[in-house]
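Participant: Given chain A, put chain B in place with the hints provided.
Going line by line, the protein sequences match chains A and B. Sequence positions in the first sequence follow my numbering and run 1 to 509. Sequence positions in the second sequence follow my numbering and run 1001 to 1334.
Simulated from the structure, these hints should not be mistaken for laboratory data. Be careful, since some hints might not be right.
Just the calculated beta-carbon pair ranges, DEER-fashion [claimed, not checked]:
{"#": "1", "chain 1": "A", "residue 1": "E492", "chain 2": "B", "residue 2": "W1091", "range": "53 to 63 Å"}
{"#": "2", "chain 1": "B", "residue 1": "I1062", "chain 2": "A", "residue 2": "D99", "range": "37 to 47 Å"}
{"#": "3", "chain 1": "A", "residue 1": "P141", "chain 2": "B", "residue 2": "P1072", "range": "34 to 44 Å"}
{"#": "4", "chain 1": "A", "residue 1": "D87", "chain 2": "B", "residue 2": "W1111", "range": "54 to 64 Å"}
{"#": "5", "chain 1": "B", "residue 1": "F1073", "chain 2": "A", "residue 2": "D54", "range": "27 to 37 Å"}
Keep in mind that this is a model prediction, so the values were computed, not measured. No residue lacks a Cβ here, since even glycine has one placed at the ideal position from N, Cα and C.
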Amino acid sequence: MFSIPKNAAYQRINRRKFLELGGGAATALGAGGLTLGLGSTITRSRVQAASTDDAKWKQYAGSKLVFMSENTPPSFAIRDNIKAFTDKTGIEVTILTDDLPVVQQKVGIDLRGGKADYVLNYVQDKPIGSPFADFYADMTPMFGDETLPQDPEGYGDEAWFPNFLSACGRFYQKGKIIALPYDAAIACTFYRQDLFEANSKDFEAEYGYRLEFNKDSTWQNVIDMAAFFKKAKEAGKDVPYGYAQHQGSFAWTTQLDIQRFLFANGRWMDWNIDDVYGSKEPGKTNWGDESSIAMLGKFKELADVCHPDNLANGTLELNTVYQSGNIAMQTQYHEFAASIEDEKTSRAAGGKTAYAPCPKGDPKWIKNGGEAVNGTNCGIGGIGINGNASDDLKRAAYIFAIWSVSQENQYNVLKGLGGTPTRKSVLEREDVKKAQQRPTHMPNALTFDPVYNFGIKDPNFVLGPKIPNGNEYHSILAAEVQKCLSNEQSPEEAAKSIQTQLDELNGAG
Amino acid sequence: MSNSSTTIDRQKGFAGGAELFRVRQIPDSVESKPVSHVAADPPSVNPAASKAYYFWLMMPAIIVLAFISIYPFFWMIYMSLHDVDIGKVEWNNFENFTKLASDTRFLMGWWLLIQYSVMCLTLQLIIGVFLAVALNGSRWEKVLVTTLLMPMMVAPLVAGMVWYFLYNGTFGWYHWLFQSLGILGAKSILASADTAMLGLVLVDVWQWTPLITLITLAGLKRVPQDQLEANMVDGASPLRNFVSVTLPNLYPVLLIAIMLRFMDNFRFIDSILVLTGGGPGNATKILPVYLFEVSFKFFKLGRGAAIALILLIVTIILGMLLVRIFDRQQPKKA
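Okay, chain A solo, but in the shape it has when bound (with noise of 0.2 Å):
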């Protein structure tokens, strides 16, 4: 029926000749795989500092790039146009996105490990700037380098908003800059004005005060909220519990929760280093002292008239209880607003929530002779360069770097996808200014005033602690201060066993 070649390939090639290749191709293409799959590569054309602007942008077309980030808004967007980038520069990056412990564990195992299979790196400034910041390169010989393009705007601190360079960029040692602000989150108030105007009356019978929330409003305050919330609702009123904190399984987010309110009574700090770039041996803690006492016996106040769920609700599930209106307030990250207004899938949307600043310390409660404040804190994540990389891989990094962190990037994000810019120029555009009002199109924008104008300005904000072990310092803080709101131990006990273990873990018992 069919005529076979006498010299086909298969008479040709045995049985075991046919194994030997399969399996020699089977390993070339494994290790081919391992090789090109993940790794960045690199092409160059040189240039001149008199060389165009466009030759400036290519010089590195045909190159690839990986970088890997948290699954924030700023990422999904730029990897839906990367395009553009690609485009500009005829460099392919590839856009990893996972979970922040996840990128935590990854770009650590990178960095340590003496490899660049990230070679850009999102760097959240605590979990993984604190304790990484040795391996990113240092950006500044390449802000100057008129080979390589440069953003008009320039990356100095006047480009951004107060703070955020030094949060995401400086660790440790003075002139060094490992990362550049690429997203924010802020800590403010979220709260249900409805719900407050609808029982301010029966509030105000019971604790002489109207119930309002505005930026003199303190910790106190809060408490006295939350008591009446829950008392309500326990009385079968058709009412939420008033408050609930971030206390479930991210450390870092706990930390950041215990030290607002720490630092809104008297300016308390973990330890007595430079708020910017911390230090890589802080010395003694201050847990264990009066103030830290009575803050977490404070702090306890409060856990015990929160909804019940407060120790299994971090920073995600507690935007959950408050979208499914079940809460009337909460201290939460600014970019969190685009979820809380959407109506779709938000209880607290269509006008019903109001933004404000962090609460306020409460003058009659500071131990240490500080003043009371707005105590806010930050995650601000940086984009950074892995060390480990060769120059022209660094160089190529810086390329992507500065146009992911551009006022045009940065404001397609919000407008988008709800990004929260960190360059100041975007607030200066005219349509950003007139969405900070109701009704707008960037719900975002809507905490820019109470986070921008006030959160983010000395003496509120709060950048540290900057140490490197920050992730086991998280962890202890988180697990010693959730034993206390258990009821396992008194506030004092806990403030000194973290102060047993903090000063053990740096070498200063």
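Facilitator: Relative to chain A, chain B alone:
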């Protein structure tokens, strides 16, 4: 059937009827031997192989094993004795081990791991054996066993995510169910240090009880029916039958199941990381979770290696103990 008038004589054929029937003559020397001895061995296609030949055949497997198992094992021992960082490996006088003696999180991790393993194993054994006995021989055995096996086919991380949503205090269906039944108060199961561990145990029981059921079912098929029947004839009740005949026959398979599950528990972190991350406080931070934290969150690789080595040694010792018990249960060969 023999015929009295025509007796068979192998040598002579039918007496008196040799013409009628011709009997094939089979020599005694042939008939007394098994067939295999009679048939001539076919000539071997492959010549006898040398030991070197087998050695080279195994070589690829040995190399792979060396890379993925033996080398990391010795590297782990080396790391456990040093401070390990990039470009820096320093001998530290067994500090990784001595510091563990005063590390409350390490000691608490052991205690929680023991609690977790004992609770999981006990519940899985009771429920698993009960289900196997109920299913054994039933009309729906195959369908039900297949259905029961489904949780085992789910990746532990995914199982953790699913249960995380089921337990959620805001929209979790199980949370609502537990509250409606009065089992839980206002707090969800993972929000309290008192109940979080129970929440994790339930997930493990849901996912891995089917394995015990499956192994037990296989064991039940091997229980000698004659012993069961003899016991019943003697008037034993079904319970008595189970205790004195079925259960002793199940010991070997149950020991294998226990060994598999306890080894699993000693390296288990997937769903715990998703469900509680070790909290609230350190209420669910069993040792493997702490080991993960130390190694990949705190990046203290030397200390992590020391914890891993201790965990490995304890697992091996407990495994050997179980194997010894298993050996004792085996019938002695004559």
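Participant: Each hint: holds or not?
Facilitator: Hint-by-hint comparison with the structure:
Range check, E492(A) to W1091(B): Cβ separation about 40 Å, and the 53 to 63 Å hint is violated. The given range of 37 to 47 Å is respected by I1062(B) and D99(A), whose C-beta atoms sit roughly 39 Å from each other. Take P141(A) and P1072(B): their Cβ atoms lie about 39 Å apart, and the range 34 to 44 Å holds. Taking the beta carbon of each, D87(A) and W1111(B) are about 59 Å apart, inside 54 to 64 Å as hinted.
Checked against the given bound of 27 to 37 Å, the beta carbons of F1073(B) and D54(A), roughly 55 Å apart, lie outside it.
When each numbered hint is compared with the structure, violations occur for hints 1 and 5.
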